[in-house]
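On the provided structure of chain A, position chains B, C and D as indicated by the hints.
Residue numbers (our numbering), protein chains in the order written: chain A, 26 to 422; chain B, 26 to 361; chain C, 2 to 200; chain D, 58 to 210.
The set of hints was computed from the structure by calculation and includes no laboratory data.
Computed from a predicted model, the values in this text were never measured in an experiment.
All C-beta atoms in this analysis are idealised placements derived from N, C-alpha and C, irrespective of residue type, glycine included.
You can trust all of the hints, since none of them are fake.
Covered by chain C, per the in silico footprint, the following chain D stretches (three or more residues, Cβ under 8 Å): (1) 108 to 120; (2) 123 to 136.
Chain D residues, not near chain B, derived (Cβ > 12 Å throughout): (3) Arg96; (4) Asp104; (5) Val141; (6) Leu147; (7) Ala155; (8) Asp170; (9) Glu182; (10) Tyr183; (11) Ser186.
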Amino acid sequence: MSALDAGGMVQISDAAVSVELVGEDMMLNIGPQHPSTHGVLRLVAQVDGERITRLEPVIGYMHRGKEKLAEVRTYPQITTLINRIDWISGFANEVPFVVAVERLMGIEVPERAQYIRLILTELTRISNHLVFASSYPLELGAATPLMYAFRERERVLDLIESVTGGRFHPNFNRVGGVKPAAGGGSTQKNVVLDLPAGFFEATLRTMDKVLEVCDEIDNLVVGNELIQARTIGVGVLPPEIVLAYGVSGPNMRASGIDFDLRKHEHLLPYDDFDFDVVVRSNGDCFDRYVTRIEEIRQSVSIVRQAIGKIPSGPLRAKVPRVLKVPPGEIYVRAENPKGEMGYYVVSQGGRVPYRVKIRSASFSNISVLPWVSQGQLIPDLVATMGSFDFVLGDVDR
Amino acid sequence: MSFTVELLVKVVVVLAIALPLALVVIFGELKVSAHMQSRVGPYFAGGRWGWAQPLADAVKFMQKEDLVPSSADARVYKLAPYVVLMGTLGTFVIIPIGPDLVSRNLDLGLFYVLAVSSLSTLGVLMAGWSSGNKYSLIGGLRAGAQLIAYELPLVLAAVAVAVQAGTLSLNGIVEAQAQPWFHIGDFGVTLPFLVSGQIIGFLIFLTASIAELSRIPFDMPIAESELTMGYLTEYSGIRFTMFFLGEYAGMVSLSAIAATLFLGGYWLPGLSNDLLDWVGPLVVIGKVLLLCFLFIWFRWTFPRLREDQLQSLAWKWLIPAALVNIMATAFFKVVF
Amino acid sequence: MTPSPSETATEPSALAARLAGLVGASGFSAEHGTVKIQVERAGWVEAIRTARDEAGLAFFSWLSAVDWSRQVAVGDPPADPDTIEERYDVVCRLSSVASADGALFVASLPKDDPRIDSLVPVFDGAAWHEREAAEMFGIDFTGHPHLVKLYLPEGFEGHPLRKSFALLSREVKPWPGTVDVEAMPSAENREAGEGGEEA
Amino acid sequence: MASFPLGGLFKGMKVTLKELFTKPVTVQYPLEKETLVPRARGVIALDVENCTVCMLCARECPDWCIYIEGHKEEVPPSKPGGRVRSRAKLDRFDIDYALCMYCGICVEVCPFDALYWSPEHEYSEYRISDMLHDKERLTEWLETVPEPPALES
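With the rest of the complex left out, here is chain A (with noise of 0.2 Å):
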């Protein structure tokens, strides 16, 4: 080492600094104790500095264990298990596997039940996404938003509580319809809980509401430069790992792909009203977001035109007071506002099934996220985690 020879000392011109400054990574936790992870969710995210080389989600801190509570339940009690799973969107769970118990034991639900169903279901989807639209920004810093949405959603959940009861867990669906009277005696049974009185007038007037901070919202976040700077081109999910991972919902159909389950499967009558699938292509976390303000817009119209041509006639078919489910498996899923929910349920006769497998949208939108934030730096971890609108209940069930 000439340099050193020379007198001990180190030139300091011409001592070649070869050696590549390697820094160990920083282990860090974010989560299960974190601002911004919808629940308790725990992320072990391998730290260079802020770019994450490797993530590790840890979840199962909400776990019920609702496969296993189901397999002790009579049907209708599990009805009021299973609209905890995505308790945002809580009118929207019981509907697929209350609709897999008809299709089981053949029974025919009337139309004017199936249009309650439909009408709440989208008010659910609203409520649902109003969230969403206010609480990302809170991850991307604004706070004003969430104020907005929220004041609306109110105004939602009231409309769903005047016909229900409840806000967040209506528990209105039966096998064979909706709840048709407040109770089983001689006097509540002729109580009938057909929509109130100024229904539809309420929710005309709410969906225009609705629309109003639909725009307000553009103008706040949609247009604004700073949003557009921390969310256009931030994990970008390309459609062959959302078909890997089985992303489903607004993420699938902001990649690119056209499949609403709304359009193909038949639980609820959506062919009598036209709404177009919104569908973004790149697939980053500001057509995400998009993608759910323009489904707000929709399922606005949807309602209005549900109101229209809603049909008179009885909320629930003739069922057996004490419900005997004849052998047989069948899976049905719908598209609830967070993606593709499916419940796949096996029968054995008897009044508690042998078997239900819950498909819940969350589940699969979390797995993608060790693939999706390699080489991310922390905030962009935060806005892409915050894109995927997923909530723990759904994730852990």
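Here is chains B, C and D on its own, set in the frame of chain A:
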């Protein structure tokens, strides 16, 4: 009066103006942000419109347990808030609130202010490093990078003002803005620097001061949704109040400097000098509250930028613009 | 008219026949509009790969299992216990994103040797589903890159979703419905269908 | 998007400024109270006369949170010389609201209209054991049960 007594009086007067102003700004932020989000804001603290909320918060924080994490570097951890507060309160020394109402008219006033205000960067780094928690470490690193990156545009924008005013002393700058630009009949029209040539300088100064205070859209060091509270994560009790007060006192001090440099300090066209002795402080406070409203308005409308976007904004946009601004001011100064 | 599966899907039994032929299945059924293809355990990965490539079922929906056993510690036993063969059924659901087609592929594993090849080489998304099925049923997925517990804490013994795993919460608390005031003469005698009865 | 480069920011600021001067929508809870929807499921009220201790609600409740005890007692014949009938009397009817999830299965399954929904919701307690309410408390809530609302045409 001997020097020390006079010094004490000045310190008391300066604190008597700065700290209550910071409390007023805290209350302003609570109320304005609430009404911007269609809610009411503080309501019960003090007779149904909540004026006593900042005091209630202060008392609440004081009786909170003030714990020092075991893995923290205790001495540095305890000292950090006071370094930040010292750096912020030090800037009130030379802000003129009247023709001869200033605690010390340094002729190197501008140079002194910018030097002292960068002291709080040191406090933030101390807090980030000594809290012994990964999130505050990341917050500290971000703070270090951000505050240093935005010192430059802040200083360069102020240099342009010094070039146009021809002096570094803040009193001199205010008097420079008091000279009439042109005459309509015999009435001399005076224009604050904001209007006369320094519009770009003002925008750069404003952006840089938002970044200095690490407020949204530049609040990476205290990014609630990523780093829980950044370098403030481990602080609680009276120390957190010091930081909290430091942030709002910093807001008041930076808007006071901006008001002096760009909006003409205590000067209002058409007021005589001795009248200004009395009205001057109100004019300055009015301008400071106006600028604080601007900070608050930005905070509750915009999201926060990502770390690298923030740096590229400073190095690629603000610093070149500030340099061009200085050249242009010098050119016009020479030509006219 | 009962909401039957949609027109965009090919008729279930036709789809079932086509898929079974394509995949070389040992049996198929299409009751209630759900296409179910029985596949041999050995040809499991190949069957899923052909389903994805040739039959266009590229969307990996989910993978789970069903525990068929005669005695059950929880819920109702199967309808006719002695006819069913004790086994684990690994069920994988694939669907297409062009139409409403979708199918359940089922492979039966004997209880004493619950082992099957992992689908991770075909679908990356299968990793989590298989980890869940492994910890809940005790099925071993050979070739799985990272087969550790997904939901349950490290030290948890036992496989909760097996029928032999009792539901503790129901043993601890006595069922409030057992208090017997003589049954109402008018209402038909309501035997307690509740699972927890015999605990 | 915006007309000029940073136009989006100003549009956003316009929205917050407009909101600054509009009346806030929040309700100051303890002072002003919102009127509740008649069907809101706040609490379950019990009508003791109708209850015939048939145990249906206790059996159908998913959470096992209804505890009932009763006994048989003789009832004098309605008309002279008639048969002495025996009737079930309620001794204990507790609902543990710490476990109850307000699903409404008990109200719906009760064949004798003994259980009603009432939107009353201000019954929180300091100790969770106090959430177990007995039949006196449930009867008190009977007055708060509203008339069922009129229905849409």
